[in-house]
Amino acid sequence: GEEVAQTPKHLVRGEGQKAKLYCAPIKGHSYVFWYQQVLKNEFKFLISFQNENVFDETGMPKERFSAKCLPNSPCSLEIQATKLEDSAVYFCASSQDGTGPYGYTFGSGTRLTVV
Amino acid sequence: QKEVEQNSGPLSVPEGAIASLNCTYSDRGSQSFFWYRQYSGKSPELIMFIYSNGDKEDGRFTAQLNKASQYVSLLIRDSQPSDSATYLCAVNGAGASKIIFGSGTRLSIRP
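Quick note, the sequences are listed as chains A and B, same order. Residue numbering for the first sequence follows the working numbering, beginning at 1 and increasing consecutively. Residue numbering for the second sequence follows the working numbering, beginning at 1 and increasing consecutively.
Read the hints as simulated data drawn from the structure, not as lab findings. Possibly wrong hints are sitting among the right ones.
Stated by the list, open to error - So these bits of chain B aren't anywhere near chain A, every CB distance computed over 10 Å:
1. E15
2. S20
3. G29
4. N53
5. E57
6. D58
7. R60
To be verified - Below, in silico cross-link-like pairs of lysine-lysine (DSSO-like), each with a Cα-Cα straight-line distance of 27 Å or less:
8. B/K67 / A/K44
9. A/K18 / B/K42
10. A/K44 / B/K42
11. B/K42 / A/K20
12. A/K44 / A/K68
13. A/K20 / A/K44
14. B/K56 / B/K67
15. B/K2 / A/K62
16. A/K83 / A/K9
Ideal placement from N, C-alpha and C gives every residue a C-beta, glycine not left out.
Just chain A, same shape as in the assembly (with noise of 0.2 Å):
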């Protein structure tokens, strides 16, 4: 399709709880990127996928967040035992070159509440 698919929009989860989300990328995209944004504007970099294998990790907190994008599934970005401070809208982009011009296209995120 021609739109980034995040689910599920919203994911209310208990501090301790797991949380999983998921992301679809364009088809024909190659690269697809995580990012948490928290109090608004806070861009924060979680990782990155070429195909299925780890472009860059190193934004990721490894003790509870782990990422995975396998062939013909949707990526995914999952969180064990969250905190409060895990609350955020969490942003999946997935582009055709990187971080060539073409720039990211952003699904419209997954807003995740840790209560």
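Guided by the hints, dock chain B onto chain A, whose structure is given.
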């Protein structure tokens, strides 16, 4: 020091005037520079890309890049109320494996 810095605003500009948004970045190795617009509650959308020193114009938007000063700007001419949004400056990071975003400038166009 943040990797990409922007004034958070809000920047208030009268309708029809020029809005000027500024951004500085710390990594001299950065090659690609972007401006995204984000309406409240929505996802960011790409409005400009620039990689060469100088100006790049697209309709009412002009991006300016000065690599020596590590400075990027966005000018919006004939500002419209629909331009009211947060504008995010973004720069490709080391190894070009990610884009790093500034915290955005909130722009308000007053009628």
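Violated hints, by number in ascending order, as checked against the structure: No numbers; nothing is violated.
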